[in-house]
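Let the sequences and hints guide you as you build the complete structure.
The listed protein sequences correspond, in order, to chains A, B and C. Sequential numbering from 1 applies to the first sequence in the working numbering. Sequential numbering from 1 applies to the second sequence in the working numbering. Sequential numbering from 1 applies to the third sequence in the working numbering.
Note that these hints are calculated values from the structure, not bench results. Here the structure is a predicted model, which is why all the values come from computation and not from measurement. Mixed in with the good hints, there may be bad ones.
Think about it this way: if two alpha-carbon atoms lie no more than 30 Å apart in a straight line, the pair counts; the simulated DSBU-like pairs of lysine-lysine are [as the list claims (entries may be wrong)]:
(1) A:Lys-27 - A:Lys-457
(2) B:Lys-98 - A:Lys-359
(3) A:Lys-20 - A:Lys-375
(4) C:Lys-30 - B:Lys-19
(5) A:Lys-339 - A:Lys-375
(6) C:Lys-56 - C:Lys-30
(7) B:Lys-98 - A:Lys-312
(8) A:Lys-343 - B:Lys-21
DEER-style ranges, computed between Cβ atoms [what the hints assert, rightly or not]:
(9) B:Ser-167 - A:Lys-250: 35 to 43 Å
(10) C:Tyr-48 - A:Thr-218: 47 to 55 Å
(11) B:Gly-95 - A:Phe-451: 23 to 31 Å
Stretch-level coverage of chain C by chain A, calculated; a stretch enters the list once three of its residues show a Cβ under 8 Å from a Cβ in chain A [to be verified]:
(12) 29-43
(13) 68-75
(14) 261-270
Positions of the beta carbon are idealized from the N, C-alpha and C atoms, including for glycine.
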Amino acid sequence: MLMHSDSIINEYVSLAKSMKGDAKAEKDTVHIVVPKETLVNTASKLFNEYNCDFRTCVGVDERPLNGYFSVTYIFTDNKNGLYILVKTYTEPQNPVIPSIVKTVPGADWCEMETRDLLGIEFADRDQYRLVLPSGWPEEIHPLRKDIPYNYRPPIRSVSEKITPSTELGVIPIGPYHPALHEPEYFELYVEGERVVDVKYRGFHVHRGIEKLAETRMTYQQVNFLAERICGICGFEHSTCYALAVEKAAKIDVPERAQYIRSIVLEVERIHSHLLWLGVAFHVVGYDTGFMHMWRVREKIMYLAELLTGSRKTYGLNLVGGVRKDINEEKKQKTLETLKETEKDFKKLVEVAISVPQVKKRLTGTGILPREDAVKLSVEGPVARASGVNKDARRDQPYAAYKYASFKIPVYTEGDNLARALVRVDEVLESISIIEQLLDRIPRGPIKLEDFEIPEGKTGVQVVEAPRGGDIHFVITGHGKPYRWRVRAPTYSNIPALKIMLKDQPLADAPLTIASIDPCFSCTDRVLVVRENSKTEWLKLAPGVQI
Amino acid sequence: MSIVKKAIKPVEVLVIAGKTKRVTVKYPYQEPILSPEFRGSIEINPEKCIGCGACVNACPPNALEMIESQDKKTLRYYVGRCIFCWRCIDVCPVGAIKGTRNFELATNDPLDLYTYIVHSKAECSSCGNKVETVKMRKYIMQKSPITENYVNKCPDCRKKSFINAISTRKVGFHGE
Amino acid sequence: MNTLHYTIYSAIGVIIGLTLPVILDGVERKIKAILQSRIGPPITQTLYDLIKLVNKEIKPIHTSPFILLYLLSFIATSIASIYMVETYVYTLESIYITLGLSLLAVSLTSLTLTPLLVPNPFSYAGGMREVILALINESAFILSTTLYAAITNNLAQLKSATTPSMLLSITTAALTMFISGYALTGRVPFDMAEAEPELASGVLVEFSGSLLAAYMYCNLLKRLLVNLIIVSVTVTPLIGESAYSLAAVYALTIVLWVIFAITAVILGRSRIDLAPRTLTKTYILLLALSITGLLVHAYA
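Put into structure tokens, the structure is as follows:
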């Protein structure tokens, strides 16, 4: 367990003071409030001098509370296990705050998301519509509190079809495409068989769940909504939400519940990685490996159903605990299944990686250098394959991870093979974590019956999903969250694809896209257009009638 | 030697295949593989249900809804929305909802997806308004026997009579 | 046996040759399923698929008539090629295998060029990949097959005794023939034209209904033709003249199909810039060895 020593916290407090702001620490979270004039300086200091990891930013309409809009930038100090929230206020008439994108490039998307959903302008950066469909009226910002959740603005449909340049071949991938299992759009510009540029257009399935949770659901109902953000790592989302609310309300959840959460989280990680490995084999045409990997995965799916009642979307989490206990019989069955899985998996991976085509196509393709990985604040296996040693399970221990010992695989090659191997190693680590936790699980209740959630408290939580750090930010309200912000790991990883795909053979594109294990639906609570200054002639000009 | 071994390693997948049994089943003709904990659709016992609406409040996707009319209260279960979380089973005070293992819910007739449980409402003894169900009233009386005096009234009249009682006690006359 | 018998047998052979690929593809899918621990479709599945496709409406592309023409020409030349190969099996005259191979070259050309008629970037990219592979594989296949047939047929004339250099020459030629034949059948790892996910099923992308059925059938027929040639060239000299030789050739063709199917199960897909390079190097090496062996045998 990491100690939050006073000297470190004091450092952050004095930083806030030197920036004409104020700070207070609550458990593992340092809340810093700075005036907007010093925001960029503060962010730059945190990112560059304190080596904090930038996670995301959140805009909040606080007008009903205090008459202002606020934006909170979420950093984490991974060395000391601290969350650093930098908050700044802006007046409601003409909300403008300075952008930090120049110092922290990873903030690009979340700032534009805030601009679209809350109408807060970010000065000193390029502006583009990001979150809303192109026909959405300019003045409607759905996350403002005065917009009802079921409001449907008149939308004039705008075509986003572009006329591609004749100089290069265009290979459109998506919105419906066999290589992608979700509606997304990539446009690969190729010269012969080489990709020279990439354009990404996502958010075809933006569902507005944050608004839904803030307006018409109760604290306990949101768990089930959060779980449905993702079909593969749903439990990470519901755990993350529950932990964030519990942190905000200072609820101490029974230890046994935390153990069960960790166990199920690891079960989910195993199935997710096995799924990914299967898909990767399928993409390189090794269907036998794919089928056998999924055969092994099926045992884990059965196990998940046994532990939670459902193969996916487990419905296990509540704020204050979990709904299903693990008895002796289930424990034995789990250990048995894990033993079999470990044996099967090791053998299968050994064989699959030895297939010459698989090896050749994974090695050296889709390279993401370490500098870019740091700059773009990428998450999870993508970061760890590029030599960035970060994992929230160790850095910001939550649930019961502090009671288990495990290694965090880090590779430095940054290619598709490294990303595959990180996942292979993690599967084995996860099996060991579950075994340790099942061995040490304490007796006791699995949920709190009575607790109160005070209003106006902030909780932020990172949970290491199979794809990377998943972040939930909650401000408590009356019977439901006042503000709930979700940032799925793929949100951070997609911008890295551009670097990975560029100057690579076209044939590797699907594999490289798959290698970040993209979860588009998670990311798509908001809408994104990716552009680059080099490719101005490709400009999509969202929202502009063509 | 090791090079040869490495080269023929991929062939080992045939050994793996030989050792594993067939894992798929001829699904509609064979039993699906379900764990004992599997959660399927729910069944509501109309005899037991008292129409309190606890399940409606807990249901995350609004698969359970309470439809109010003049003198009827109808609990509607729409399986098309159900996420099979069984929260309703957790919160039902009378244990009227039972979980099943049924997941084969496709149908040609969309009306099959709805289940209705109709409750008649009880009349308020003072104003005649109808708010809660007859069964709910019975349930309250069983649970807390000293409620006979005001259980027959609707919440509004209950509030009124409470205020009246207080004011009578304080100032000696009815507030009306 | 007289010529009339040949003709009748060969005609029956052609009919078998035209129907067999549909069933054998079903068998291949079943083998794949068994090796992947699943039930898989029935062996008649490919037949069902084709029948279903034929009954579906066609989404016409403006080059459809040409495509149909190409496919018809493929089928016609394939039939002719099968007939020639069968005649070779009965007569052991190398002229027939040469004719069969040249007809194969013609038929493969029309099949390879079909996707290039489709106005679609995916199809075009896939088609170009097919052309690159076909150039390498076809030349290697025809060269090695001719070489192998020439050596085995003229064994007696060259020198009676088999020497090590002779054996080397035969085995390398056979190896080239099997590898290039396998590559020609468009199975994993060489199914780059139609199966690569980035190309959204590549050459198949614009085909629909009966046109798709025809294209798929042609690809299956191609597999049979290549298998048939490999088997006839390898075993006919061993069996010699016999009334049952054609039946034996077909039986062994099925066996070879099964072997190829199992090979496809254990491999992954190669990449378009890797496969041609690797294949070219392999072929050049093997063919050089084969020719050297032959020369050493003849002049040593």
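Tested hints:
A distance of roughly 13 Å separates the Cα atoms of Lys-27 (chain A) and Lys-457 (chain A); the hinted pair therefore holds under the 30 Å criterion. Distance hint between Lys-98 (chain B) and Lys-359 (chain A) is unfulfilled; the C-alpha atoms sit about 52 Å from each other, more than 30 Å. Of the supplied pair hints, the one linking Lys-20 (chain A) and Lys-375 (chain A) holds, its CA atoms being roughly 27 Å apart against a limit of 30 Å. Our distance criterion of 30 Å between C-alpha atoms is met by Lys-30 (chain C) and Lys-19 (chain B), whose separation comes to about 18 Å.
Restraint check: the Cα-Cα separation between Lys-339 (chain A) and Lys-375 (chain A) comes to about 40 Å, which exceeds 30 Å; the hinted pair is violated. At most 30 Å may separate the alpha-carbon atoms for a hinted pair to count; Lys-56 (chain C) and Lys-30 (chain C) meet this at roughly 25 Å. Distance check on the hinted pair: Lys-98 (chain B) and Lys-312 (chain A) sit about 21 Å apart at the alpha-carbon level, within 30 Å; holds. Between Lys-343 (chain A) and Lys-21 (chain B) the alpha-carbon distance is near 16 Å, which keeps this suggested pair within the 30 Å criterion.
For Ser-167 (chain B) paired with Lys-250 (chain A), a C-beta distance near 41 Å keeps the hint of 35 to 43 Å intact. A C-beta distance of roughly 52 Å is found between Tyr-48 (chain C) and Thr-218 (chain A), which places it inside the suggested range of 47 to 55 Å. The hint said 23 to 31 Å for the Cβ distance between Gly-95 (chain B) and Phe-451 (chain A), and at roughly 25 Å that hint holds. Chain A is given as covering the region 29-43 of chain C, and this holds because 5 residues of the stretch bring a CB closer than 8 Å to a CB of that chain, at least three being needed.
Evaluation of the coverage hint for the region 68-75 of chain C: breached, as 0 residues show C-beta separations to chain A shorter than 8 Å, against a requirement of three. Here's how the region 261-270 of chain C fares: 6 of its residues keep a CB closer than 8 Å to some CB of chain A, so the rule of at least three is met and the hint holds.
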